[in-house]
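*Asks:* Sequence:
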Amino acid sequence: MAESAVGFLLQRLAPVFENKVKLFTGVQAEVICLKGQLELIRAFLRVADALEESDDELKVWVKQVRDVVHEAEDLLDELELVQLHNHTNGFSIYLRIRNMKARYRIAHDLKSINSRLKAISSSRKLDSSSVASTSINTGTAWHDQRGDALLLDNTDLVGIDRPKKQVIGWLINGCPGRKVISVTGMGGIGKTTLVKKVYDDPDVKKHFKACAWVTVSQSCKIEELLKDLAKKLFSEIRRPIPEGMESMCSDKLKMMIKDLLQRKRYLVVFDDVWHMYEWEAVKYALPNNNCSSRIMITTRRSDLAFTSTIESNGKVYNLQPLKQDEAWDLFCRNTFQGDSCPSYLIDICKYILRKCEGLPLAIVAISGVLATKDKRRIDEWGMICHSLGAEIQGNGKLDNFKTVLNLSFNDLPYHLKYCFLYLSIFPQDYLIQRMRLIRLWIAEGFVEAKEGKTKEDVAHDYLKELLNRNLIQVAGTTTDGRVKTLRVHDLLREIIILKSKDQNFASIVNEQSAAWPEKIRRLSVHGTLPYRQQHRSVSQLRSFLMFGVGEYVPLGKLFPSGFKLLSVLDYQDAPLKKFPLAVIDLYHLRYLSLRNTKVKTVPGHIIGKLHNLETLDLKKTCVRELPVDILKLQKLRHLLVYQLKFKGYAEFHSKDGLKAPSEIGKLKSLQKLCFVEANQDCGMIIRQLGELSQLRRLGILKLREEDGMAFCLSIERLTNLHALSVASEGESKVIDLTFLCSPPPFLQRLYLSGRLQELPSWIQSLNSLARLFLKWSCLKYDPLVHLQDLPNLAHLELLKVYDGDALHFRSGKFKKLKVLGLDKFDGLKEVTVGKDAMNCLEKLSIGRCELLKKVPSGIENLTKLKVLEFFDMPDELMKTICPHGPGKDYCKVLHIPNVYSTYWKDGGWDVYALDTFSTDCSPRSGTLIRSHEPRIQWKV
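Every letter in the sequence shown is one number past the one before it in the UniProt record's numbering, and letter 110, counting from 1, is 110.
Hints listed in this document are in silico derivations from the structure and should not be mistaken for laboratory results.
Mixed in with the good hints, there may be bad ones.
Straight-line C-alpha distance at most 25 Å; calculated SDA-like pairs for lysine to any residue [as the list claims (entries may be wrong)]: (1) K864 x A913; (2) K519 x E73; (3) K864 x T832; (4) K645 x T478; (5) K450 x Q428.
Cβ pair distances, simulated, as ranges [unchecked claim]: (6) W762 x D836: 21 to 31 Å; (7) M255 x P202: 27 to 37 Å; (8) Q324 x D303: 24 to 34 Å.
Cβ coordinates follow ideal geometry from the N, Cα and C atoms, glycine included.
Construct all of the structure, not just a fragment, from the sequences and the given hints.
*Replies:* What follows is the structure, encoded as structure tokens:
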């Protein structure tokens with residue numbers, strides 16, 4: 001982690017050496033010296049960071065480096081403030097003298113930091129090779145421990161039969177060409193155990209003439225890997241190892257292995273592969289000899305698993321956590337040595353087991369700790385239940401488990417370590433919004449700019465990398481396949497929190513918290529803020545976030561000594577009624593979220609001073625107008641100001657947007673602008689939109705028909721636009737899009753609410769379009785013929801779009817569609833689904849079509865349909881699919897797992913499952929499920 005701190009600081013220093021920042025005399029020399037010191041230390045830290053857990057002396061040294069680097073970072077931010085004041089204080093003699101004193105102090109402090117860095121460097125010889133040798137020894141010892149997984153008896157295993165059978169089938173059956181089979185999953189999930197049981201299976205041994213198992217370590221050298229493979233193969237076929245093999249180069253080793261296997265049906269396992277270059281280095285040594293040879297790879301990295309199999313059209317087995325009953329079986333075997341769990345411990349044990357989330361290594365490790373506890377001492381078991389993090393830190397029996405997960409962390413590049421540790425700020429079981437996380441990463445400065453990409457693009461790449469490494473999990477996706485929410489495995493989160501605390505990266509406080517650290521850089525408050533901790537000095541505080549806080553305490557009262565370096569202030573869901581006045585002096589503030597608070601106004605004299613602000617999130621607040629001072633925020637990238645009002649079915653005026661300054665085009669950095677009311681200033685805002693060339697997401701409300709041409713001209717200039725939402729002034733008012741000739745080429749999501757004179761012809765050219773919502777369009781013809789060939793359309797919602805009596809989904813069309821919603825088709829009497837139409841459809845919703853008395857013809861052909869939901873549909877239709885009595889069409893929907901009849905009543909949804917309908921087939925007589933959740937098809 002010290003390497004991350006150093007890398008981050010060097011990134012901060014880059015503008016100084018690109019002549020983008022001018023420094024005061026005396027400071028420049030110290031900054032140059034600081035950069036040189038940091039570069040000397042950085043290479044050494046790359047190895048030292050991974051070893052500090054096993055070397056106490058090294059750990060102290062790394063901490064010293066990290067603390068000094070943090071101080072240097074604080075000084076650079078202070079220096080930026082002093083320079084700002086120097087330019088804005090005019091001719092005030094007092095202020096200029098004060099700034100001069102601050103400059104001399106900063107120069108002196110930087111000189112002191114350089115002296116300390118030199119002393120720290122000289123206290124330990126910066127020889128990464130000596131540390132690397134220690135790393136190799138440590139790695140070897142670790143892999144010896146790992147070998148226990150290869151020695152497990154079948155009686156020690158649960159949940160392995162099904163995946164074992166699947167993988168054996170892939171090995172033995174299939175084409176004669178060489179094929180790669182990868183097994184992937186997070187650390188500790190049992191990849192090695194599974195593949196070893198497959199490897200040792202008698203049928204597998206009998207099928208292959210030469211087998212070799214090679215364990216790949218993180219510090220793997222390619223020559224050593226090839227020599228290991230060659231030795232095992234020669235031993236397998238009982239031939240002597242050739243003389244001189246130890247001195248062979250990698251090319252000769254590859255040639256020798258290839259010749260050896262050329263005419264044999266072989267199976268080679270590479271266990272625990274970390275990097276793509278390792279696979280690339282060995283794959284050419286393994287011949288594609290048309291003998292049905294197979295290669296197996298285990299890896300924590302999903303991208304590596306998929307990439308390695310592409311060339312041979314191989315298979316990937318994504319190993320899943322144990323099921324609940326399997327996990328309980330494994331837990332009880334290890335905790336109670338085959339006996340059953342005492343009844344008075346069941347609740348405690350099940351709570352602890354839920355924390356393991358089906359991860360076999362975690363279950364075995366924690367049950368090993370519990371096995372030593374007195375079963376009569378419920379208090380001891382309860383203590384573990386409530387302090388699992390402390391148990392992981394202090395109990396030697398869990399060291400192996402910690403090491404497994406630390407390997408994944410240590411393998412991260414330095415820029416991802418900060419991003420990963422940042423997940424520690426979120427509460428347990430919290431669903432992390434993808435875009436919120438990305439904006440926070442950017443505001444913290446973790447995301448490096450790359451040519452040709454926005455910082456958001458780079459942050460998305462970081463997120464994909466963490467997902468590929470199985471360090472975070474996707475909790476929810478949008479209907480068009482984008483990641484929506486994320487989560488962290490409970491026990492992995494405990495380890496992240498421990499590491500975050502140890503590295504003084506972030507502090508998490510709640511009512512149970514002990515004393516805060518001496519120097520707090522990031523503070524995340526969960527629940528009630530402990531008052532005994534207030535009035536602490538937090539001069540280094542960079543981020544302040546609140547989760548589930550029931551009482552608002554003003555920042556100035558909470559931290560009276562100041563927090564001038566704050567860059568992130570997240571008040572989302574806090575009981576806040578007024579805009580926080582304390583932000584007026586936060587020059588470094590880059591992220592301000594007041595989402596879902598009761599704030600009504602944004603003071604212009606305050607917001608205009610936040611020159612570095614990148615994200616202003618006022619979604620779900622009462623703010624309806626922004627002051628003209630917002631135009632001073634030239635770095636603003638994300639501006640979210642709107643509130644959804646509907647509860648049941650979609651209503652035309654279901655959103656409140658904002659009245660924005662007419663010269664909104666001055667905010668050149670904006671990427672997201674939602675939602676702006678366009679019927680003001682005689683359409684001036686519409687003409688200004690064309691100046692926002694960086695926009696990715698745009699939401700417009702109350703677009704006037706007479707502004708159609710200006711709007712189209714502006715949209716044509718927004719070539720980076722990915723999502724566009726447009727609503728006219730009213731349900732009967734027209735959206736005029738006829739003047740749009742060249743739509744944004746990368747448009748993925750389009751939402752149009754209002755009357756259309758005709759469906760824009762350019763929609764058919766949107767090859768990237770994945771989501772299309774058309775509402776109140778009132779077209780005179782069936783729009784499906786113009787939409788059916790969109791190659792990537794995954795979600796289509798149509799509300800009061802067409803008054804005809806029939807909709808026909810033609811054969812072979814809508815090939816990628818997964819979600820379809822039809823609502824308020826007043827004249828609709830028949831829906832026909834042609835053969836192979838919508839063959840990927842998973843969810844179909846039909847609502848308020850009063851004349852539709854039967855299910856879609858051909859619905860039985862939708863073999864992938866998982867959910868069929870009817871909203872306030874005629875009873876006649878529901879009776880045709882009733883499982884009892886006259887349900888003549890019941891057989892048509894029998895293949896659909898979930899069929900519901902839903903009704904809006906008294907501010908909520910009454911949901912009845914089809915299989916619970918009573919014998920009289922009354923749609924409202926089944927088992928009632930009450931829901932208040934808004935339906936996705938009406939949210940946007």
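*Asks:* Evaluate each hint against the coordinates.
*Replies:* Each hint, compared with the structure:
1. K864 x A913: It holds: about 19 Å lies between the C-alpha atoms, which stays within 25 Å.
2. K519 x E73: Within the cut-off at roughly 14 Å; holds.
3. K864 x T832: holds (17 Å)
4. K645 x T478: holds (21 Å)
5. K450 x Q428: Since the Cα atoms of K450 and Q428 sit roughly 33 Å apart, the hinted pair is violated (cutoff 25 Å).
6. W762 x D836: 21 to 31 Å: Roughly 27 Å apart at Cβ, these two residues keep to the hinted range, so it holds.
7. M255 x P202: 27 to 37 Å: Hint holds: Cβ distance 33 Å, inside 27 to 37 Å.
8. Q324 x D303: 24 to 34 Å: holds (30 Å)
The structure is inconsistent with hint 5 alone, although it conforms to all the rest.
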